[in-house]
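Here is what each chain is made of, one letter per residue.
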Amino acid sequence: MKLALRHVFVVIVCAFALFPIVFVVSAAINPLGTLASSELLPTGASLGNLVELLTSDSYPFARWFFNSVFIALVSSFASLLLSMFAAYAFSRMRFTGRRVGLMALLLIQMFPQFLAIVTIFMIFTEVTELYPAFGFDTVWGLLLLYLGGALGVNTWLMKGFLDTVPKELDEAATVDGATHAQIFWRVIMPLVTPILAVTAMLAFIGIMSEFLMANVFLRDPESKTLAVGMYGMIAGDHRNANFGMFAAATLITAVPTVGVFLWLQKYIVSGLTSGAVKG
Amino acid sequence: MALDVREPADEAAGARRPARRETTTAFVVSRIAVLSVAAAILLYAAPPLVATESWIALAVLCAAGAAIAYLYLTRRFVPAKYLVPGTVFLIAFQVVPVVYTVTTAFTNFGDGHRGGKAEAVAAIESGSVRQTPGSPEYTLTAGLRGDQLVFLLTDPRTKQVTLGTADGVEPLAGAQVGVTGKVLRAPGVTVLTAPQAAARGAEISALTVPTPGGAIKANGLSRAVEGRASLVYEAACDCVRGDGGTWTADESQGYFVNDRGEHLAQGWQVNVGLDNFARVLTNPTIYGYFTGVLGWNLVFALASVLGTFALGMSVALALHHPRMRATRVYRIALILPYAMPSFAMLLVWRDLFNRDFGLINQLLGVHVDWLGEPATARLGVILVNLWLGFPYMFLVTTGALQAIPRELTEAAAIDGARPWQAFRRVTLPLLLVALTPLLISSFAYNFNNFNAIALTTEGGPFPADSPQVGATDLLITYTFRLAFGAGGAQFGFAAAISVFIFTIVAIISAVAFRRTRRQEEVYA
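If you read the sequences in order, they're chains A and B. With the first letter of the first sequence counted as 1, position 88 gets the number 88 in the UniProt record's numbering; the numbers rise by one all the way through. With the first letter of the second sequence counted as 1, position 11 gets the number 11 in the UniProt record's numbering; the numbers rise by one all the way through.
Bound conformation, chain A alone:
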């Protein structure tokens, strides 16, 4: 009896969790493709929205998808590597300025990067004039910008992981003649790979959804990311008419992340409890 109550409660919460997603699926296959005609359960099914999305001239969706995935992949990989380097130094070495450095990272992290967006805007106005390849409307410029946040977000977390890896392992490797670089690549990295995978995935999802910086940064339709482009897709007058296309785009965007999520499920719980926050 009490078990039944538990099931009832969980089913209700599941319904709450799923109903917007069901609505998106229903809107994506809705043959009329407008918001007004979309209902919770589909009344018909067609791939019209998907076809329209992929063949649209005004919304280069494939390009946005590529931009987003490229930026998110490169920047989550690079930022993880950068913060792993720093965490290795903070966890395994003793040097002057270590404590100050750690505290400074914690403080800087509390000043969200986007509060400084006015300044970033001005800096990149200069950069655009000097080096157009890294300026506004380029994925490379945005990538550099995201890497600026790399140390602040993950170094403490990584340092926490590394502190749990027994020091005796490095000492044994040192005795065997390994250098600090060999210890890093051959001893430490393999041990923390599962946790790295989870953190990288969270960073990936966070960057896929990053809207504020990208919105200021990317103006040219060809250079937009999914977040900026899809926001424009249902902005203003298009809100009702393009909703089916937007829903189809949402589903396509979700496919890679949901897939990886389900795949890494068993690591996620332990990774999250160690302190990763979805950005």
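Honestly, I wouldn't trust all of these hints.
Each pair of labels, with its calculated beta carbon distance range [stated by the list, open to error]:
| hint | chain 1 | residue 1 | chain 2 | residue 2 | range |
| --- | --- | --- | --- | --- | --- |
| 1 | B | Thr246 | A | Val74 | 56 to 62 Å |
| 2 | A | Val187 | B | Glu373 | 57 to 63 Å |
| 3 | A | Thr125 | B | Val50 | 16 to 22 Å |
| 4 | A | Ala36 | B | Thr193 | 51 to 57 Å |
| 5 | B | Leu432 | A | Val74 | 18 to 24 Å |
| 6 | A | Val187 | B | Arg515 | 34 to 40 Å |
| 7 | A | Glu39 | B | Met324 | 18 to 24 Å |
| 8 | B | Val329 | A | Leu169 | 37 to 43 Å |
| 9 | A | Ala36 | B | Gln196 | 49 to 55 Å |
To be clear, the hints were calculated from the coordinates, so they are not data collected in a lab. Just so you know, even glycine gets a beta-carbon here, dropped at the ideal spot from N, CA and C.
Using the hints, position chain B against chain A.
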């Protein structure tokens, strides 16, 4: 990224180690890689700096390049080798902007105060150019003398042609004028055809032909007028005269002000000290906005954290039972909102709440403007944030619950504790020890949750009489509107509010972390 592959130990000791033989190739290769990457960056970055004569930037670049090359060539400073790559990005794209933002908070930088004083004077003077009374509107023909752009100006009454150059005007004899007044041929000047002139449109509008009474400027491609600046800056009195008034420079405001206290629209950037901060605290309207937004901001962040935690934990507890079936299926369903792209789902929620087409009105059969009324809009965004955030809390609580030994709750049950007591006295405290740091970071994250508001209500609904602040505005969206909104950019003021936000978040987090540590001492 190339790395040092050897211990920083002294040469003699290193030489005897067997490791040296293996790593020599790697050592040399990595050094070459470092040097070539550094050289490539320098070669790419230096020429534009030379071209624009930014010597300071060039010096900083070269010094940084040299320092990095040295760092990776030497065997010493091992920790720095690992710290520098990330730190370079951190300094360039986070520390510098943050420091600059903080200094901007002490200035009046923004619309009307963008540049220096000289730029402001130039803008005022050129903005006040009026057509000189009684002067003709010339028919303009653009031409080339050699490769210099010149104006051929035809007086519409006399059909006399004058040659205008950047140095001044001179009469021109022997020009052949068409019916419209356009010059067809002129001695010593190649007349540009209309398409050729159109291609040089920017040059033509930039050319100023000085005259004794003012200057002649092109007005489009086929008209030119003589105009005079009605406002003129005089260095002697540090003031702008003209249009029947005198505006004196006020260095404390960065404006030219007349004796009635009015100022010219164009100003320049000056230091205003603590004025921006004082404005937040003393100007009653702004203070009202600020405290109102701050209050709601705290409610929003707290409600988001507590709501998501309560719901996530309840589900996790419900599933945490030895005889519970189908937990895998439930778990996947509960995780899904977390894996969906949040920006898109926020936009979907916005449309679920839509008055005319939204699903919620359709299902309930009502016609409510959910996001158009302050109370329902606030409840709405909290609900949306609950949907987005509870799966995360569910996941972390599940993890933490698995770490709590079952013997503890069983022991409590044997001692006669009812389930609620066991939860309240045993499970919850242990959960909180593990999860409080996450709750604090979640609070700090939600306190500045720009997306949750900007993508749903955009801060609205706005009261009809004051469109600056809406009912669901967070400090961060309010700041964003101040800096980039339609009402004119106030970067200095926005920066001051950013500093307030930083201070508030830092204080709350610091206090909370301190309390956590005490709590850990009690329970751990």
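- Query: Hint by hint, which ones does this structure get wrong, listed from lowest number up?
  - Reply: 5 and 7
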